[in-house]
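Asker: Chains as they are written, first to last, in the working numbering: chain A, 1 to 347; chain B, 1 to 347; chain C, 1 to 347; chain D, 1 to 347.
These are calculated hints, taken from the structure and not from any lab test.
All of these numbers come straight from a predicted model, not from anything done at the bench.
You may find that some hints are simply not true.
It does not matter which identical chain is meant; a pair holds if it fits inside one copy or across any two.
[Said to hold, decoys possible] Below, in silico cross-link-like pairs of lysine-lysine (DSSO-like), each with a Cα-Cα straight-line distance of 30 Å or less:
id	residue 1	residue 2
1	K195	K310
2	K303	K43
3	K303	K256
4	K310	K75
5	K43	K310
6	K75	K303
7	K256	K75
8	K60	K195
9	K319	K199
10	K189	K199
11	K310	K199
12	K195	K319
13	K189	K310
There are 4 protein chains.
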Amino acid sequence: MAGNTFGNNFKLMTFGESHGEAIGGVIDGCPSGIALDFDAIQKELDRRKPGQSAIVTQRKESDTVHFLSGIFEGKTTGTPIGFIIPNENQKSDDYSHIKDTYRPSHADYVYEQKYGIRDYRGGGRSSARETASRVVAGAIAKQIAPEIKIHAFVSSVGDISIDKTYQDLDFSLIESNPVRCPDLAVAEKMENYIKQIRKDGDTVGGVITCVIQNVPVGLGEPVFDRLHADLGKAMLSINAVKGFEYGSGFSGAKMKGSEHNDLFNADGTTRTNFSGGIQGGISNGMDIYFRVAFKPVATIMQKQEVLDDKGNLTEQQGKGRHDPCVVPRAVPIVEAMAMLVIVDNLL
Amino acid sequence: MAGNTFGNNFKLMTFGESHGEAIGGVIDGCPSGIALDFDAIQKELDRRKPGQSAIVTQRKESDTVHFLSGIFEGKTTGTPIGFIIPNENQKSDDYSHIKDTYRPSHADYVYEQKYGIRDYRGGGRSSARETASRVVAGAIAKQIAPEIKIHAFVSSVGDISIDKTYQDLDFSLIESNPVRCPDLAVAEKMENYIKQIRKDGDTVGGVITCVIQNVPVGLGEPVFDRLHADLGKAMLSINAVKGFEYGSGFSGAKMKGSEHNDLFNADGTTRTNFSGGIQGGISNGMDIYFRVAFKPVATIMQKQEVLDDKGNLTEQQGKGRHDPCVVPRAVPIVEAMAMLVIVDNLL
Amino acid sequence: MAGNTFGNNFKLMTFGESHGEAIGGVIDGCPSGIALDFDAIQKELDRRKPGQSAIVTQRKESDTVHFLSGIFEGKTTGTPIGFIIPNENQKSDDYSHIKDTYRPSHADYVYEQKYGIRDYRGGGRSSARETASRVVAGAIAKQIAPEIKIHAFVSSVGDISIDKTYQDLDFSLIESNPVRCPDLAVAEKMENYIKQIRKDGDTVGGVITCVIQNVPVGLGEPVFDRLHADLGKAMLSINAVKGFEYGSGFSGAKMKGSEHNDLFNADGTTRTNFSGGIQGGISNGMDIYFRVAFKPVATIMQKQEVLDDKGNLTEQQGKGRHDPCVVPRAVPIVEAMAMLVIVDNLL
Amino acid sequence: MAGNTFGNNFKLMTFGESHGEAIGGVIDGCPSGIALDFDAIQKELDRRKPGQSAIVTQRKESDTVHFLSGIFEGKTTGTPIGFIIPNENQKSDDYSHIKDTYRPSHADYVYEQKYGIRDYRGGGRSSARETASRVVAGAIAKQIAPEIKIHAFVSSVGDISIDKTYQDLDFSLIESNPVRCPDLAVAEKMENYIKQIRKDGDTVGGVITCVIQNVPVGLGEPVFDRLHADLGKAMLSINAVKGFEYGSGFSGAKMKGSEHNDLFNADGTTRTNFSGGIQGGISNGMDIYFRVAFKPVATIMQKQEVLDDKGNLTEQQGKGRHDPCVVPRAVPIVEAMAMLVIVDNLL
């Protein structure tokens, strides 16, 4: 079970290293007859791509998806959708300095230990570049279930957080700023903070909140494949994610049952929604919402000790063009993975 | 994909409702030739069983496991291990009052909507009783990999928390108190608090921390089946769980890269362990540790509004014998599910 | 992937050895709300059970299935259906003579080599007794899709064969004779031949033909999971099966395209049906039919050389009560496995 | 479960239509550190490609595989191997005449019924062109397990058959003739017959025999995933296959146990091998051999009645360049699928 496949009914297998010729994927199980909006797919990729604003990595890649199969005269045919995203900007020389060294809190060391070989040009397979393929599949999933409304946004960067509930936010403002934070005053603080972090040659973590609306009652399988367990696994499979909570989450652990129980309305909806739209692992028709914690990017532009393959510790200066904060570009990835789970359960 | 199977190489399928004749499971993929310690298996079940102390549900069930196959002359044979745990204390009359009503924050409503039928005697399949089968499988997993050391414990109940790191705790004290908290001063506070909650007819949530030591380098598959994603899904599949974080977790989202990066020692170990023993989804040989948030039990001994199947809201008094706080009994479940993941990846 | 699970949407996991306490299984994915006819299930088991006629093994076992879960007030609930079939007639002493020896063309030797341990009482897990659990699941599958008409029958025993096409047979005669052959003249010859084989202490192989009618157009997935590939795997997973062919089968390999092509009628049906109801791996609505070859039972009541675990060859006389010809009792197993495939694809 | 993935540990997902831009696949689970022989891979593709001799289709395609990932400095890295094979010779106009018609014994009708849409240019996804991707994966599998010796060859074309056992054949002669039949006298007859069939505008079926040597004892999982069941499914997933038998196969159904039992030698090998190298679903170290029946290609160069999408039957003349007999080109496909099964079980 080599780990590069996601989903059962709507299945995605991805391939590709950050500095190979191309990355890509195959989607198996897409329903037939869907007229794809290719601009919408590319737009999702553009939300994830490098170089899109002053607060993300300045690498230049157009991240253009190229479909090879499964589509005929603009419509899906029900056969596997194969696609590639060429790697335009390989610049391997950026990485020659890390050929024999393991950077702290990267996957270099464990890949070398596990496989005995490693594509040392960039992160190889462990690079977040792989997530571009997920965004393609997620964009198609959105078109399969257009009735589902999904909005992810940045709710924290370092210590700076939105202090409103999601109901008090205007989701149409998410894309209005480079941080993808719908509270504009907070967004500005976050943006300035990220710029300062970049100047310091440092990085910082953050939190993304995701809200999924209009999910029908009944999605999710009891016991092991609860809907929130699938969502949690999907989020934890994204690079740099350290935690997942849904509904009341960790703060629910502090509450009493008499406070936490979501009393019914007569139509089966609930007055509160500490459950986060999922009860017993099955969607109850209320909004599904969850929070995803991202650690700071491990590549920093400061001197750090690294380990080499002979067991020596030496100082090394970070090079290249990296994100000072990963969450603005991770927003479309969170949405994509959530949609893969929802559509896999819908089909 | 009906959701009652967990794992790929070491696979568990469970069955059974809380008030049927028996629950049970089948383990497929257990290596052959393992001389099972049946007392150790039963001891794990005893840690989960009702009635074990004054702060848990007072239902009486011996939770005795009975093996039907896969074992010959005390050793595993490599064939499937089928087992049952009879339901001794069905007392269905306790539940007649909920036949036509949906209790808030239970699975009653969504099961009825999804399946059109529901075993209304207790939680049916959504009852935490199902987790006894997981504890059996987890106890066998422990015996497959005795070199792995795993300790879960209660780190929070409501607002009461241990404020030490796990390195400062003595794991041998976990079983010394009914809360399963190794900080004895905190344990006493928790115990008193749970007793008060019970008197109030209320319930309260909590957090379990789990530490896994001696895991070899290299467990976990890149991309979708990262070790922490599998652990997260395993934990989120346990009843009442609302959140999962590993290593630095949500607090890591507030940190800078220069603080968070785990610098190497010359032997490949790291000086700090914000990574939580997993980098790039693959174990790096350091301690794996994570936290799991549990919401308060939904059944409370107070009057609450319930919805009936005709759309009427009526008041109902909770009945029966339920846990005021689920975390003390959930400790062996967390360990069991973690071991299922570890052994599934080891094999 | 330990091999004891069948199906994806309608999933069966079986467990149990021939001489353990019980065999059984768990069905995951059965739709909810089906009012089960328990007599019909037991009747299918009775078609497979030992001792049913003079030409099968004279072991006495009632093969009574006992359901543990997934059924409430006579209806399926959508949760896993766990069941056991107790082993009544264990008579382990029958098998003490084979504790240290490997019988020719049995699984003794390969199990010992693969697992290093073996339940030597009877065939253990490799005994055809395991197929009783499949018959239970298949009987439930028949009730899920009552519109599907399925008839398996014995078409050959040794050199004696039906020489009519299935269209010329009266399926209602299948159960009228102990061989389960609907051509009564041929059935009588087969019965006499099997009796002679039994007197000789020998065994003989045979062929079962299966016809499935009323299958909707569109079942089966392209490429790897073609409907006939799934049927073939299902049949080849039955003990003693050596071959599978559908539609024109091996004789189709001798034909020309101009003879073999099934010309259409205007309604999409075809005038001939060499395709066997499946084109490109997908059902086309015509009758699905296939043939399954069974080798002779390996246990014979004659002296044979066996190998012991020290590498010695010694003569041994077969003991116990075995089938002289396996096909009469295999008819319900073929139907059961076919229905598992059909229902798995229907759901 | 959309059916375009094969294998569990060594997993292949394929994509692509015959007249799209490219076909291809992704291999997940290939061990790391294998120095690939790319010429050997291409050579396998050349054995399958069109235009290789006078008795196969005269379409011209170079079938050149292009690897996109999973390989670094000539060695596998353990990450997914993505590859494409561009479609050079699309000539879609060849197919405009079948846009609205369903050809007899093709997949046109069932695809249209199942998906409501169909890539009518050639066979689309149901074209045997898809098998080129399997040949790539099988060629890599051969390099993972170079100790396994596998030889497939044509043993029958129409009524012309080899009448020797495989032990009496010289496998080195298989590639010496365009039919891939190691009995040269029979090969010549077959070749002439195929040429005559081509002149007649007709097609003919055939049988491929495959022998796998040097397989270790112990491959295959009991019960549902028996080694021969996996091999059978693999073969039945190849276009045009109608039957599979291993070891004694259908002729074993005519034998007595006293003839069919494979008596042991003292070293655990057997004197005869009616078992076909597999007992109880597990390899016993003897040669594995099996036979695969292929129907005649459905596209013939004669007038035939076709059905159109309005329910009219009209005569149509077959066009294009098709194989008069599929088995010579199917030999490398049979080997590839067999190696996928063997390596999947080895890993």
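Asker: Now tell me, hint by hint, if it's right for this structure.
Answerer: Results for each hint:
1. Proximity of K195 and K310 under a CA criterion of 30 Å is satisfied in neither setting, with 37 Å inside one chain copy and 58 Å between copies.
2. In this homomeric assembly, K303 and K43 never come within 30 Å of each other (Cα to Cα): the closest approach is 37 Å inside a single copy and 50 Å across copies.
3. Taking the shortest Cα distances, K303 and K256 sit within 30 Å of each other only across copies (14 Å), while inside one copy they are farther apart (48 Å).
4. Taking CA atoms no more than 30 Å apart as the test, K310 paired with K75 passes between copies only; the shortest distance there is 22 Å, against 54 Å inside one copy.
5. For a Cα distance limit of 30 Å, the shortest separation of K43 from K310 qualifies neither inside one copy, at 45 Å, nor across copies, at 40 Å.
6. Within a single copy, K75 and K303 get their C-alpha atoms no closer than 52 Å, and across copies no closer than 33 Å, so neither meets the 30 Å cut-off.
7. Taking the shortest alpha-carbon separations for K256 and K75, neither the intra-copy value of 51 Å nor the inter-copy value of 37 Å comes in at or below 30 Å.
8. When the C-alpha separation of K60 and K195 is checked against a cutoff of 30 Å, the pair qualifies only within one copy, where the shortest distance is 19 Å, while the shortest distance between copies is 58 Å.
9. Taking the shortest alpha-carbon separations for K319 and K199, only the intra-copy value of 14 Å comes in at or below 30 Å, while the best inter-copy value is 61 Å.
10. With identical chains, the CA atoms of K189 and K199 are at most 30 Å apart within one copy only, with a shortest distance of 15 Å there and 47 Å across copies.
11. Taking the shortest Cα distances, K310 and K199 never come within 30 Å of each other, neither inside one copy (33 Å) nor across copies (63 Å).
12. For a Cα distance limit of 30 Å, the shortest separation of K195 from K319 inside one copy, 18 Å, qualifies, whereas the shortest one across copies, 57 Å, does not.
13. In the homo-oligomer, the alpha carbons of K189 and K310 never lie at most 30 Å apart, since the shortest distance is 44 Å inside one protomer and 51 Å across protomers.
Comparing the model with each numbered hint stated earlier shows that hints 1, 2, 5, 6, 7, 11 and 13 do not hold.
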